[in-house]
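Novice: If you want the building blocks of each chain, they are given just below.
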Amino acid sequence: MKTTFLSRSLGVARKDWLAERRAQSGLASTGLFALVTLAVLSFSVGPFGAGAELQAALLWIILLFSGLSGLSRVYIREVDSRTAPHLKLLAGPLETLIGKTLFNLWLLVLVELMVVPLFLVLMAPKVRDFPVLLATLALADIGLVSVSTLLAAVVAQARTRGALFSGLAIPVLIPLLLAAIGGTKAAFGVTPDARTHLVMLASLDAVLVGVSVFLIEPVWNE
Amino acid sequence: MKTLLKYGLLLWMLAAIAAGTLYAPLAKKLFEMTRIIYPHLPVAWITVIAFALSAFWSIVYLRNRDLVADAKAAIWAELGLIACVLATLTGAVFAKGMWGSYWNWDPRETSIFLLLLIYAAYVTLRTAIEDDERRAALSATYSVIAVVTVPFLIFVVPRIYFSLHPDPLINSQGKRFMEAKMFQVVLASFAGYLAIFVWMYRIHLRMALARLRAREE
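Heads up: the sequence lines are chains F and B, in that order. Okay, so the first sequence: first residue is 1 according to this note's numbering, each after it adds one. Okay, so the second sequence: first residue is 1 according to this note's numbering, each after it adds one.
In case anyone wonders, no lab produced these hints; they're calculated from the structure. Be aware that a few hints might be false.
Negatives, chain F to chain B, calculated, CB over 10 Å [to be verified]:
(1) R22
(2) G26
(3) L54
(4) L90
(5) L120
(6) K126
(7) L137
(8) L150
(9) Q157
(10) A158
(11) P175
(12) L208
(13) F214
Stretch-level coverage of chain F by chain B, calculated; a stretch enters the list once three of its residues show a Cβ under 8 Å from a Cβ in chain B [said to hold, decoys possible]:
(14) 164-171
(15) 215-222
Label pairs and their calculated CB-CB ranges [what the hints assert, rightly or not]:
(16) F:R21 <-> B:D131: 44 to 50 Å
(17) B:W99 <-> F:L90: 38 to 44 Å
(18) F:L35 <-> B:K96: 40 to 46 Å
(19) F:L35 <-> B:W103: 32 to 38 Å
(20) F:T4 <-> B:L212: 58 to 64 Å
(21) F:F214 <-> B:V68: 34 to 40 Å
(22) F:N221 <-> B:V68: 53 to 59 Å
Beta carbons are placed, not taken as given, at the ideal position from N, Cα and C, and that holds for glycine.
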């Protein structure tokens, strides 16, 4: 049966989703991590203990660390279970990257579907502009997932992984995080200017996606 | 000849320090803290140049798979890290003198701190991979990812968020507003620091090439 570039990419994403559902531990542990972090923050700060500015930062700290705890698994799993050579036969580096990025994006959206409504209930920030909040989440997710997936491919081939992945990812994600916090602050009514932050997020997305596409071949073929 | 160059460089640096103290005037509102500009600006520029060169040699490695290019990328990253530490320390002294505390999370302080983190991560990544070719390819990849975020850190973040940091040397109209005598001392100091870093680069490169030759034998 003849397969296309898109069907092979979607096939990789579907394979990862099936593996995730069978194992069940990955999504559950990421979700639990997010819930525990949110509960601790909510317990220590409460709905009236933090202003909207601090709440915007706290939301992104929860999302960043929850995301990083789960996003590195996609490539590490292939190396640990020795399925990487088989995957290389079935799909090219770019197809694999796109498939795994789509899977990670889906994973992050699932975490956000759980965390963001709970955050809005427990921390009670006043959301003045929902479309801006949604646009910020969507744009930040693209950049966060594209860098994390590429770095997951890098870290999968190193000796130390867990701590190294966070150590590599967080510094390069900080500009994205600053813009995401800025956009969320605008959605919470702290600052009037959402456009600057959304434009910065979109340009970071363009650069990070472009770099991931350019770099995946030397990483995955190594 | 080499000894002459070394003593010449020592004299040059001493002259630049003396000129910063005796020849250049004090900037308005900065008072005696003006002196810190003469080491701070050159090492900050060298940080950016070194990281740009590291990224350049990383891209060359990804194209040619030449381990010499990887060695050059690693050396410039390490030297950039040294310059970055110096820029951070001199900047912190300036912040203490002007604003009363060594660290304020000003956008420029944040930017330079993140640069430190990024290249410390690069050096850590290199220690986590044993195989030479694999280490070269993966660290080159990280270097390229890092360098695309650097313009956002250096040029975009300080312009979006409020900063206490004095204006850059060249202002938004593209004009230089630093006094001529101060600018001369900054340039002289920059030339001296650049020579020191190029000298360190050459020593490191000789060591790296010797290591590569030993590996081939």
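Novice: Evaluate each hint against the coordinates.
Specialist: Going through the hints against the structure:
1. Distance to chain B confirms R22 (chain F) as a non-interface residue, since its nearest Cβ pair spans about 30 Å, more than 10 Å.
2. The claim that G26 (chain F) is not at the interface with chain B holds, since no C-beta of that chain comes within 10 Å of its own (minimum 23 Å).
3. Remark: the non-interface label on L54 (chain F) is consistent with the geometry, its nearest Cβ contact in chain B lying 14 Å away (cut-off 10 Å).
4. The Cβ of L90 (chain F) sits about 22 Å from the closest Cβ of chain B, beyond the 10 Å cut-off, so the non-interface label holds.
5. Annotated as non-interface, L120 (chain F) keeps its C-beta farther than 10 Å from every C-beta of chain B; the closest such distance is 26 Å.
6. Every C-beta of chain B lies more than 10 Å from that of K126 (chain F), the closest at about 23 Å, which supports listing it as non-interface.
7. With 10 Å as the threshold on Cβ separation, the claim that L137 (chain F) sits away from chain B holds: the shortest Cβ distance comes to roughly 20 Å.
8. The beta carbon of L150 (chain F) is not kept farther than 10 Å from every beta carbon of chain B, the shortest such distance being approximately 7 Å.
9. Remark: the non-interface label on Q157 (chain F) conflicts with the geometry, its nearest Cβ contact in chain B lying 6 Å away (cut-off 10 Å).
10. Consistency note on A158 (chain F): stated as away from chain B, yet its beta-carbon is not over 10 Å from all of that chain's, at 4 Å minimum.
11. The beta carbon of P175 (chain F) is not kept farther than 10 Å from every beta carbon of chain B, the shortest such distance being approximately 4 Å.
12. Distance to chain B contradicts L208 (chain F) as a non-interface residue, since its nearest Cβ pair spans about 7 Å, not more than 10 Å.
13. Once the 10 Å rule is applied to beta carbons, F214 (chain F) is inconsistent with being away from chain B; the minimum gap is 8 Å.
14. Residues of the stretch 164-171 of chain F with a Cβ under 8 Å from some Cβ of chain B number 5, which satisfies the need for three, so the listed coverage holds.
15. Coverage of a stretch by a chain is defined here by at least three residues with a beta carbon nearer than 8 Å to that chain's beta carbons; for the stretch 215-222 of chain F and chain B the count is 4, and the condition holds.
16. Evaluation of the 44 to 50 Å hint for R21 (chain F) and D131 (chain B) yields a failure: the beta carbon distance comes to about 35 Å.
17. Range check, W99 (chain B) to L90 (chain F): Cβ separation about 58 Å, and the 38 to 44 Å hint is violated.
18. At about 42 Å, the beta-carbon gap between L35 (chain F) and K96 (chain B) stays in the expected band of 40 to 46 Å.
19. Between L35 (chain F) and W103 (chain B) the Cβ separation comes to about 34 Å, which falls inside the hinted range of 32 to 38 Å.
20. Separation of T4 (chain F) from L212 (chain B) is about 44 Å and departs from the stated range, judged on CB atoms against 58 to 64 Å.
21. Between F214 (chain F) and V68 (chain B) the CB atoms are about 23 Å apart, so this pair departs from the stated range of 34 to 40 Å.
22. At about 21 Å, the CB distance of N221 (chain F) to V68 (chain B) disagrees with the hint of 53 to 59 Å.
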